[in-house]
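*Asks:* Here the protein sequences come in this chain order: D and X.
All letters in the first sequence, in the order written, are residues 120 to 778 by the working numbering.
All letters in the second sequence, in the order written, are residues 120 to 778 by the working numbering.
Mixed in with the good hints there might be a few duds.
Copies of the same chain look alike in the list, so a pair counts if it fits in one copy or across any two.
Only pairs whose alpha carbons sit at most 30 Å apart, straight line, appear in this in silico DSSO-like list of lysine-lysine [what the hints assert, rightly or not]:
#: 1; residue 1: Lys-462; residue 2: Lys-669
#: 2; residue 1: Lys-484; residue 2: Lys-643
#: 3; residue 1: Lys-260; residue 2: Lys-447
#: 4; residue 1: Lys-307; residue 2: Lys-747
Since the hints were derived computationally from the structure, they do not count as laboratory data.
2 protein chains.
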Amino acid sequence: MQDIKVRPIIEQVTPEINCGRYPIKRVVGDKVNLRVIIISDGHDELSARVLFKKKSETNWSEKPLKLLWNDIWLGDFSVDSLEDYYYTIEAWVDSFKTWKHNFTKKFEDNQDVRVELQIGISLVQSATKRADAATSNSLQKILKALETDTNKPVSKDVAELAIGDELASLMEVCPDRHLSTRYHKELKVEVDRERAAFSSWYEVFPRSCSSAEGKHGTFQDLEGFLPYISSMGFDVVYLPPIHPIGHTFRKGKNNTLNPEKSDPGVPWAIGSIDGGHKSVHQELGTLEDFVKVVNKAKEMGMEIALDIAFQCSPDHPYVLEHPEWFRKRPDGTIQYAENPPKKYQDIYPFDFESEKAKELWEELKSVFFFWIERGVKIFRVDNPHTKSLYFWKWVISEIRAVHPDVLFLAEAFTRPNIMYHLAKIGYTQSYTYFTWRNTKEELTEYLTELTSTEVAEFYRPNFWPNTPDILHAFLQNGGRAACMSRVILAATMSSNFGIYGPVYELCVNVPREPNSEEYLNSEKYEVRHWDLNNSVSIRPLITKINEIRKNNKALQRNFNVQFYETNNDHLIAYSKHTDDFGNIILVIVNLDPYFTQSGFVKFDCSQVGLDVNKPFYLKDLLTEKEYKWHGNWNFIELNPQNFPAHIFCINQVSASSEE
Amino acid sequence: MQDIKVRPIIEQVTPEINCGRYPIKRVVGDKVNLRVIIISDGHDELSARVLFKKKSETNWSEKPLKLLWNDIWLGDFSVDSLEDYYYTIEAWVDSFKTWKHNFTKKFEDNQDVRVELQIGISLVQSATKRADAATSNSLQKILKALETDTNKPVSKDVAELAIGDELASLMEVCPDRHLSTRYHKELKVEVDRERAAFSSWYEVFPRSCSSAEGKHGTFQDLEGFLPYISSMGFDVVYLPPIHPIGHTFRKGKNNTLNPEKSDPGVPWAIGSIDGGHKSVHQELGTLEDFVKVVNKAKEMGMEIALDIAFQCSPDHPYVLEHPEWFRKRPDGTIQYAENPPKKYQDIYPFDFESEKAKELWEELKSVFFFWIERGVKIFRVDNPHTKSLYFWKWVISEIRAVHPDVLFLAEAFTRPNIMYHLAKIGYTQSYTYFTWRNTKEELTEYLTELTSTEVAEFYRPNFWPNTPDILHAFLQNGGRAACMSRVILAATMSSNFGIYGPVYELCVNVPREPNSEEYLNSEKYEVRHWDLNNSVSIRPLITKINEIRKNNKALQRNFNVQFYETNNDHLIAYSKHTDDFGNIILVIVNLDPYFTQSGFVKFDCSQVGLDVNKPFYLKDLLTEKEYKWHGNWNFIELNPQNFPAHIFCINQVSASSEE
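Pulled out of the complex, with its shape left as it was, chain D reads as follows:
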């Protein structure tokens, strides 16, 4: 039990996710900003510090917190290595600060402070015993000057020495903390590498990478395709499953149930006589070919991300070897996936309530390790919300314990609490509802939730304008202009974004049927061949955007997002800036893919640290044109066919020679 003489109380520490049950997330070099309520009885002065350490350290480092007002204390610390951190708070009634405050008031009021000085002296005397040798020496010197004749009134010199900065600084390093309160929890920061917070993804089907039309692409073809991806500035190349594909209940073109012999099947129907989750599809090549792709990508500054889809085709070797990992029906068959009345007979889900669940967990973990050993450090996990959430918590922590540089992207399109939970239990990044947020109101509300609430502490959104499963009506109807505006939104709103190509840059937008979000002749069911040189391609725009992202730190995090009023609902305006306002980006997008839209934007430049009384300069990073604004309301006109957006870099000093 704590000493009953202890008095401060520490409460409402933020960030703290679900009472500390889950960690917050940062990447190496990031800062953690703290806000804490610290109270005590009476009018004594308090001092408080944040205590923080890496997991591998035994001793805490410390930084002082500062009182804002109304018992709110602020502070921060930085995480500087790829290791989990812990933090907690300590606070104490600071008898010297209290004494100094009271002594000052009394001295200024011309009261007799002889006894008060004696109290101060005894506080300094105790401090000498706690201080290191140097501090103790300095304190002793001051003590000598303070210890004057107690019969005489305290002189101005002595008083000023007593309440001066020199003594205060010395006392600050050896405070009396024997009655301090320690917050009763140690909170965790999961620290990832930079790419966890800032990444540009490109999803591609290797089997469509052949340069010859009608031929099944190979890993070697993919290798040849990498320079194209790299030229656009992407740094993560994500491949749908590369494993052997099942034959039983194989789906044909456009998800039909009567495939032709030549139909290659769906890559997510994993497993055949050739192997399962640790094998590669023979038509793609060998495991060695795959490792070559991984290394080639690395040379180009990119990483290969694999798809982890924990489910089996009926032909998966697991089905024979471990029937106990699947749910058996009374007729002896294995339960296939279903969403009654719909049946997915080509897919067997694992049974996480199996009596052999522990073995299943271990095997699935070994799948991750298998690919990690082959150089893969990023995994996009398919439908994690349909597998035991406890399993994910366990497997991710097992992997991170050995490989803290491994990243996990959760492909869970489900209810918000489940999506957020997956992030809390370890997923590095998450798919979002971005694809379905198209109006100014929807985008503003959603981005505010993601960046300005507690969610920002643990959930790293990855914005995708399309995926092989989602061709949104906005793209179907809006065509090339819509493809341009949506990729600009994704890449500037979220520091992590991705596209599924080449269909995206080629503005492919024909759905399988009206009101469907499926692509016509989707690569999910067949091998496709793409004319990358088609003039419709928005490859130049995408290249430019990735370049802008690399050059502007403000776009590499999701902190400090602010929205601005516009008098035209087709125009959305938002800014991002670095903590020090060294980089300020203002994005204005025309959300209407059909018509030129114009209107006024109310940009209050004081919100990004600028002086409202001076003009400021906006350089459009897309067009390299510079503008000069003064005051709040400024005119904007955007033609969606041309450049549907401005991406302004803002400065109070002109970058050009214009002024």
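Chain D is already provided as a structure; the job is to place chain X on it using the hints.
*Replies:* Same frame as chain D, but now just chain X:
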């Protein structure tokens, strides 16, 4: 460790104060409404229950939670005895509910459900083993009907029996919970008696109770005064300290430092040669006289509340007997209270950092027990925020463990976090900022914070329009009309309210000096005598208000407060209603004490459960007049000199014969 096959996750349980560190508060008979997030993987159906028990019980009672949407589950339970309660949540994947859902979809889709029926049958078979004898018998009967020829398609009759309500109800009482998740905390409800939530306080100085002017009042005089208090409908009579008053540095009239010999001193300067916190001031009478007052009040349905002011006059016996409980200065003197440069030399605070803190805690606790043994069950604690917060947590819990019917009112006028903290650690009721909230905007914002946020779960406001320390400028300037409107606001906004009388009902409002909140010739420093029959008295109004409060349950709690728009900022409109809408009160107050104000009130009667398409009837409980309204906007005019408010009881049926 939990079985790895367990799947649901329980989060964000509300109410839960500071992660469960502090209890919520209720009174006997109250309901606790719960909101919980429960998630799991996949699409299986969940079931969940709230588990609750009294502290003295070992077994949990249970009530089902209901899914609202988006993983939000709602439920409730009631607390029905004067004892602390605990609650937690349990959830599980409900295999029968899941099966029933899937079976229904497939049957409706005309699929072959023979195998599915077998799965259902085996679920029912297992249930028979968990069920009590009666349920098991009923299940067996249904099983017989279900077990038909598996070669034939499932008949409509069998299917309907399988998914029917009878089987569902039976399965509901014996669910398979072996893989259930239990929330990892047991949360506490502090249950008080009714008066904790609903009380009307009257503060009176016993020494001013003599019927003869110029005479020091006695307990016997107070006994004679009780019928007057009771006639106005109050149920708590709160007395400033009744202990011997110190002589050293005694204050004179109007807080002067040069008292006359006849000056009686300040009751809060506790302790003299005659005794301390366990003694009574001799001029008031004897301890026996005091006990007589306590009993007399009880006979009249009232309770005496004592003031607990843990501080000492320099003459308090503790100072000699326990000098170690006070802070000693280097010159050997004891540290008096101060707020530099101000000095309060008539008061010695206790030193809660004393090496003998434990003995001090015990002695202070014994003060409470001393008065409890003499029949006092309500304590108004003076400045609790200047004594160790840990001490209060301990002493209140020690007292409540033996006397769960004891109530504590915290007189802490300080920063919000500290006031809320005192409530969290045990204070039953709390003084508030009400006195300083006078405009419509201020009142609306403050009451919303107190009643519509988490604060409502632990902080019970007690609204006082005045105290011996606070005569607000609004009363000084607004006179009798202000006294009327402020007491109406206090008594209808907060289920706990109080006035310091007789000055309040006599509309005494002259401050000691301009810009002071102190009363001129305050009873704190002298004996006063009051003409209770002065025609200025608002005693009839106060009597009426207390009668209205007793007759209207909506005013006995602070739940369900709603504010309504008015087109005149002098008019404030708000409603309270019981959970079942059986009692609906709409209060409209003219906040301007000088002029008649009129305007329109937008009262949306659907917010209090009424049919917007029908007219409704408003009976003004102050005037007994009835009005009929239809639609949202209705006209109001209030003359502050007459009745500055309407207190409407609303009904869709006319109470009069008018219709």
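*Asks:* Each of the hints needs a verdict: does it hold here or not?
*Replies:* A quick look at each hint next to the structure:
Neither within a single protomer nor between protomers do Lys-462 and Lys-669 lie at most 30 Å apart by alpha-carbon distance, with minima of 45 Å and 63 Å respectively. With identical chains, the CA atoms of Lys-484 and Lys-643 are at most 30 Å apart within one copy only, with a shortest distance of 26 Å there and 75 Å across copies. In this homomeric assembly, Lys-260 and Lys-447 come within 30 Å of each other (Cα to Cα) only across copies, at 27 Å, whereas the closest approach inside a single copy is 83 Å. In this assembly of identical chains, Lys-307 and Lys-747 lie within 30 Å of each other by CA distance neither inside one copy nor across copies; the values are 45 Å within and 61 Å between.
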